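Quick note on this note's numbering: the sequence shown kicks off at 1 and runs consecutively.
Derived from the structure by calculation, the hints contain no laboratory data.
The reader is advised that the hints may include incorrect statements.
As the list claims (entries may be wrong) - Straight-line C-alpha distance at most 20 Å; calculated PhoX-like pairs for lysine-lysine:
{"id": "1", "residue 1": "Lys43", "residue 2": "Lys76"}
{"id": "2", "residue 1": "Lys88", "residue 2": "Lys43"}
{"id": "3", "residue 1": "Lys65", "residue 2": "Lys43"}
{"id": "4", "residue 1": "Lys88", "residue 2": "Lys65"}
{"id": "5", "residue 1": "Lys76", "residue 2": "Lys88"}
{"id": "6", "residue 1": "Lys65", "residue 2": "Lys76"}
{"id": "7", "residue 1": "Lys95", "residue 2": "Lys65"}
{"id": "8", "residue 1": "Lys43", "residue 2": "Lys95"}
Here the structure is a predicted model, which is why all the values come from computation and not from measurement.
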Amino acid sequence: MGKNNNGIHMQFAVLAIVLTAAIMVDEATSLFICNIDTNNLEKCRPAATGNNPQPPGRDCCAVIKAANLQCLCPYKPFISRYGFDPSKVRPLLDKCSINTPPSCFFF
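With the sequences and hints as input, model every part of the structure.
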């Protein structure tokens, strides 16, 4: 019986190590691009998806206002990979009072 418990404990320890590594890798997938931590884009997704997007929250607008929007222009073709509807980005900028976005954001 002691041998069986050791096997279970070993499996549990291995599972704990794998889960810890997975969490660490997930956090490491964050990229810092044009003054934006890509994980922070999640704060804006509800305001730039669906047929009736929610108004952007204060956190979302803070992310956008800290961004170097001109720097983001080359990444525009990839915006849908982050779950954003490209047609909702310009209205999102307007709602966050970004009055002079770069011309690349006129979809």
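Worksheet entry | In rising order, the numbers of the hints this structure does not comply with | Hint check: nothing fails, all pass.
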